[in-house]
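Below, each chain spelled out in residue letters.
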Amino acid sequence: MTGPSWLYHLFAVLMLVVAAYCLVLLVFSIKEHRMSGWDVDVAHVLMGTGMAGMFITELAFGPTWTWELAFVVLMIWFVARSIQSVQEFGIHLPHYAIHAVMSLAMLLMFAFPGDATRVPAPSMAMSSSAGSRLDPGLGFLLAFAFFASAIFTLASPRKGAAHHGSHVPDYALVGSVAPDRSDGSPMVTVANVSMIERVVATPWLEDASHVVMCVAMGLMLVLMI
Amino acid sequence: MATTPVDAEQPPVPLVGTGRASTGPRREPADLQRTFQLILATVWLLDAVLQLQPFMFTRGSGGFSGMLTGMAPGNPGWIARTITWNGSFVYHQPILTDTLFAGMQFVIAFGIVWRRSLKAALALSIVWSVGVWWFGEGLGGVFNGGATPFGGGPGGILFYGLLAVLLWPSEGPDRPFVAARTVGVRVAKVVWAVVWTLLATLSIVGSGRSPQTLHDLVANMNSGQPGWLAHLDRSTEAFFLHHGTPAAVALAVMCVAAAVGVFLPARVTQVTLVLAMVVFAAIWIAVQNLGGILAGGSTDPNSGLLVVVLALIYWPLSPTSTATDDVTLPTSRGVQ
Numbered sequence: 125m126t127g128p129s130w131l132y133h134l135f136a137v138l139m140l141v142v143a144a145y146c147l148v149l150l151v152f153s154i155k156e157h158r159m160s161g162w163d164v165d166v167a168h169v170l171m172g173t174g175m176a177g178m179f180i181t182e183l184a185f186g187p188t189w190t191w192e193l194a195f196v197v198l199m200i201w202f203v204a205r206s207i208q209s210v211q212e213f214g215i216h217l218p219h220y221a222i223h224a225v226m227s228l229a230m231l232l233m234f235a236f237p238g239d240a241t242r243v244p245a246p247s248m249a250m251s252s253s254a255g256s257r258l259d260p261g262l263g264f265l266l267a268f269a270f271f272a273s274a275i276f277t278l279a280s281p282r283k284g285a286a287h288h289g290s291h292v293p294d295y296a297l298v299g300s301v302a303p304d305r306s307d308g309s310p311m312v313t314v315a316n317v318s319m320i321e322r323v324v325a326t327p328w329l330e331d332a333s334h335v336v337m338c339v340a341m342g343l344m345l346v347l348m349i
Numbered sequence: 014m015a016t017t018p019v020d021a022e023q024p025p026v027p028l029v030g031t032g033r034a035s036t037g038p039r040r041e042p043a044d045l046q047r048t049f050q051l052i053l054a055t056v057w058l059l060d061a062v063l064q065l066q067p068f069m070f071t072r073g074s075g076g077f078s079g080m081l082t083g084m085a086p087g088n089p090g091w092i093a094r095t096i097t098w099n100g101s102f103v104y105h106q107p108i109l110t111d112t113l114f115a116g117m118q119f120v121i122a123f124g125i126v127w128r129r130s131l132k133a134a135l136a137l138s139i140v141w142s143v144g145v146w147w148f149g150e151g152l153g154g155v156f157n158g159g160a161t162p163f164g165g166g167p168g169g170i171l172f173y174g175l176l177a178v179l180l181w182p183s184e185g186p187d188r189p190f191v192a193a194r195t196v197g198v199r200v201a202k203v204v205w206a207v208v209w210t211l212l213a214t215l216s217i218v219g220s221g222r223s224p225q226t227l228h229d230l231v232a233n234m235n236s237g238q239p240g241w242l243a244h245l246d247r248s249t250e251a252f253f254l255h256h257g258t259p260a261a262v263a264l265a266v267m268c269v270a271a272a273v274g275v276f277l278p279a280r281v282t283q284v285t286l287v288l289a290m291v292v293f294a295a296i297w298i299a300v301q302n303l304g305g306i307l308a309g310g311s312t313d314p315n316s317g318l319l320v321v322v323l324a325l326i327y328w329p330l331s332p333t334s335t336a337t338d339d340v341t342l343p344t345s346r347g348v349q
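Protein chains in written order, with our numbering: chain A, 125 to 349; chain B, 14 to 349.
Chain A side only, calculated, beta carbon under 8 Å to chain B, not exhaustive:
1) Pro128
2) Asp259
3) Phe264
4) Phe268
5) Phe271
6) Ala272
7) Ala274
8) Ile275
9) Phe276
10) Leu278
11) Ala279
12) Gly342
13) Leu343
14) Val346
15) Ile349
To be clear, the hints were calculated from the coordinates, so they are not data collected in a lab. We put the CB at the ideal spot given by N, CA and C, even for glycine.
So here's chain B without its partners, still in its complex pose (with noise of 0.2 Å):
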């Protein structure tokens, strides 16, 4: 059979400026409101993978059934009672529910991936996120008084909800900054506003400022963590017993300096948004232990990495950031 070889190759787009001319197709602007919506697909895969662990197909106390209930204590009556029910439906059915469960992130994450379903797999993330917050979570502990944001305070699968919130699609221009696309750049600040308020006061409210509270809210995740994060936990739980509250109130005032700095010019912004994303990453990994993957029973990989995610679709854009051939981001248009 006769066919034309395809050997014939050209030079690519660079995903960053070289600084010599490009001989290939001239490429489009980054879409970043799309990019961050395939980030956003990304987790929900790794939590629909997640969810897929052997045993999240269990019964008791180890098991998925065992995680749910566990999250009732400390919450009013009738909101722990929704909550030792919902545990007790997945423990008569476990195999069902965590399929339905995993089979619902799975969804989402490929839904957000097609246009066509973007939409609705949005607004499905929007409806998941506060089901699990509130069946899965157990309101994230605002209610006991144990939201404190070193521990994915108040609630880190609150965060998909948002960010499917912030980043609904809309056409129009990623700048000043990609939250604002959609909503708007007055609603945008507020709502960041409204969140990183709400973390400043969920950081010193409560036990949120008890040294052996911040203590043991680490030590107990050490346990099953590999070796460089078991050090760096020891650490950190010796730092929290005996500069806890200290270390609260800074996060607090990180907070307030956080929401406040959207308001004031792009380059204080900027500092701002650095602090915030440093602090986070810093959280997640030293304290939240990156949602307690890497120990092998997590559902998801908690609030530090979507706070850091929040932080930077409120980056100041330059005029022309999003207009030019100079992308340094991975984007949907040609990642390859």
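Isolated chain A, as found in the complex (with noise of 0.2 Å):
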């Protein structure tokens, strides 16, 4: 991967800082036994750890089969997640599957490295495919998607919708109200909450996070295809 570094270096950092933040969230969702939204922090952990050891060779650690196993587990997880969501709730587009391809893209990723991840020869080695190309078309299907979502959960008035769904009422530390909820629905207070949670758990920043997922995925797609 040609180009330059400061660029790669910079889609690293921004990985690494998401995935310390959906790090933060994880503690906060264990420690306040929060619901939803655990999950995707957990992807989103592995993921930008994942993508920083993409996009700078240094940062790239343990075999691939290690992170192909992970995310096999988070997409059957996610598909799962959908399927339950759909029979419990009718049929609708439920937030677990853009998590779902997201771990698909991950799994592709680390399974068709290409020339583009620059994942070290020892963890190359352990995959099955190493050095095989990922097809250019799924590639950008798959990055189309993450830049679509991206957009999209930006406009979406729902905020925190990427990260819990829209059918957690309520869902943020911070018992931020979503703004159609005038319908009498049951809105969950959340008290006692630290200012720090409040801050790190604020639904725009989570949505942010997810924004930012899915540009870096869909550059390291584009500069795979």
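Assembly of the complex is requested from the two constituent chains, each provided in isolation within its own frame, with the hints serving as guidance.
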């Protein structure tokens, strides 16, 4: 992957920031017994760490098969959650779907590193298809889906929906109120939350982490084409 | 620290009708103009990321500056000089200029997302698309007779600007079609007719109807494409070599039908729109090769995709299609 190294360093740093942020969110989720969003946090921690290693070789670690295994598990989890959501609430587009697709993209990027991912030789050697190339058509489709997800997430008035879905009322620790909640549906009031937790769990910040992840993943897929 | 566990769930509102009563909050009518604005933003974001490909930061014939200066030949002298001047500027500052160009497209994409910056971003989109059409696409080959719609003529980037105009925000209903919401039905139909008449003309003038030119158009895109697309290209090349002129004439006839179609009853309009979308989707894949993105040397997806989006905003809407809960398009109001 030739080109300006500062650009890839920038995206690697962004990925690590997203991973660190979602790790903090995950800790808060466990501490506060939050039932939604923790799986997305886990996924973003792994994706951020893995992507950073793709942008900057020196940040890559661990055998590829462990990453592949992790993303297979995540993909199955999100597909199952998507099916469960549709069964429970009827036909709709669950937010788990985009996370399943992102897990698939990560799996493919590790499985078909090509020349772009800069995964070090030792870990590449563990891949069953090291040196193979991801089908450019599939890569383009995935990248376009991620760009669309980034744009529509930013534009959605339901902040935090990309993280928790739209069917969890007032999901965030800050107890934010979605703008279209004028129908009398239950609203959860969250009390005794520290200032740090309020800031960290701000829904728009959660959305921002998803957007950054989508753009970075789309870029990596474009670079692999 | 004691907090209330947040685990209560309530049903989301289905994106499509499920035939059962919804128990969730009532969904607002879909704002299709906003949805299409966001689709335009998505394409701008794709363009911005394509601008970050490594070769775009390099000098020489394989770099961004080489790509720009390659657009000059065939244009009138004074136009060619402006293009080579720009190419020279990019040649001397490849990293700075490419970063600026990518940054500009990120600004447009994310600017469209925020309502406060929407108008400014759309205005910038219009200005930028005209600039790129001039300096980056060599005016789409209009002046050298090579602006066939098969190859993206009169310039894929112009459709970004056109969509920005037609999707300029305004209050009001999306009926009878989204493109009419801001500029009005009459103006929108005239714009449509002008665009498709131009496409029809460009299909058959200059080298647009030359079998060899059409063959070469595809052959030049073939390098580096994935196997399935390269295979499709070979079929397209052979088809153009043997039937290039009839194909160009057929495309011109289809464009004229599309131009006239919006003035006819809604059912006929729908038929012509479907025809136009199918033809340009096929051209986008089999001739334009998705703008060459899959070969790793492209800056945009070319015109096919944008023409399909343009046709969609002219789709006649029934009186209830944007005022009910039965919405099949993802909207800006909760795609997740």
